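Position one of the sequence shown corresponds to residue -4 (the working numbering), numbered consecutively onward.
Keep in mind that the hints are not guaranteed to be accurate.
Unchecked claim - Once the Cα atoms are required to be at most 27 Å apart in a straight line, the calculated DSS-like pairs of lysine-lysine come out as:
#, residue 1, residue 2
1, K186, K93
2, K52, K186
3, K48, K186
To be verified - Between beta-carbon pairs, the in silico distance windows are:
#, residue 1, residue 2, range
4, E175, E118, 33 to 41 Å
5, P135, S62, 26 to 34 Å
6, A174, R60, 35 to 43 Å
7, S173, G51, 32 to 40 Å
8, R60, P135, 34 to 42 Å
9, G51, R98, 25 to 33 Å
10, H67, R90, 33 to 41 Å
Please keep in mind that the hints were generated in silico from the structure rather than gathered at the bench.
Model, not experiment: these values are computed from the prediction.
Here a beta-carbon is modelled for each residue, glycine too, at the ideal position from N, C-alpha and C.
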Amino acid sequence: MFDRIKKAFQRDARPAPDSLLAQAQGPVSEWAASRGMSFSGGPLGSSMSVQGKVGGKPWRIELGRPSRDYIHGEELRARAELGVNEEVGAMVINRPLKEVLERRAYGMITNNLQTTADARLPEEMRWLAMYDEIGWEGPPDSFWSRYAVLADSRESALAWVGTPLVQQLQAWPEPAPSAEVAFMIVLLRGKCYLRMQYLPAETTTLDHATDVFMCACESALSAFRR
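Based on the sequences and whatever the hints tell you, model everything.
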């Protein structure tokens, strides 16, 4: 079954023809059902959409055309309406993407002779300006070399990015995304978001990204439930 799913997801960034999407619905629907989720054709700009619940809260993961220019090919994105403390803000981002966004933000600000972040900056760039990078003993060096954790406070970072989430973020199955593949998972305004480049375009990437997202949601519900 996974071979059929992999073939269904291996496509370029252009919208899939109706016939190809129809062929993909069967195996992807089976995969979603095996995880207790429901599958449907995605909304505008998305080729596929899978819905589920975590802790009784609804979430959705979509695969489709990228909504950010730093993602090439297809984008995998997820969102969960967790209803946790809206004052908590935290972010895990791969370091190469963090560096790209920081350079871009700095260039936009200095080119306009501005001393504060422009409200027109993409939200990810403003998060980098708003939150401090947090580090602590516990996660291995390999985690810190690949990811950066930013948060409104050290307490928020420690509460959200616990051992289970650290382990999931390091456990990408082969063929695994490289450290350069754009990736971020964010907790903001009571919601959890995931955004990443769908590379390698394999079912294992989709499956593990779902596991990472679910783990992040469960951690947030445990730590910040209102």
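The hints, checked one at a time:
{"no.": "1", "hint": "K186 to K93", "result": "21 Å, holds"}
{"no.": "2", "hint": "K52 to K186", "result": "10 Å, holds"}
{"no.": "3", "hint": "K48 to K186", "result": "13 Å, holds"}
{"no.": "4", "hint": "E175 to E118: 33 to 41 Å", "result": "22 Å, violated"}
{"no.": "5", "hint": "P135 to S62: 26 to 34 Å", "result": "32 Å, holds"}
{"no.": "6", "hint": "A174 to R60: 35 to 43 Å", "result": "24 Å, violated"}
{"no.": "7", "hint": "S173 to G51: 32 to 40 Å", "result": "36 Å, holds"}
{"no.": "8", "hint": "R60 to P135: 34 to 42 Å", "result": "35 Å, holds"}
{"no.": "9", "hint": "G51 to R98: 25 to 33 Å", "result": "41 Å, violated"}
{"no.": "10", "hint": "H67 to R90: 33 to 41 Å", "result": "18 Å, violated"}
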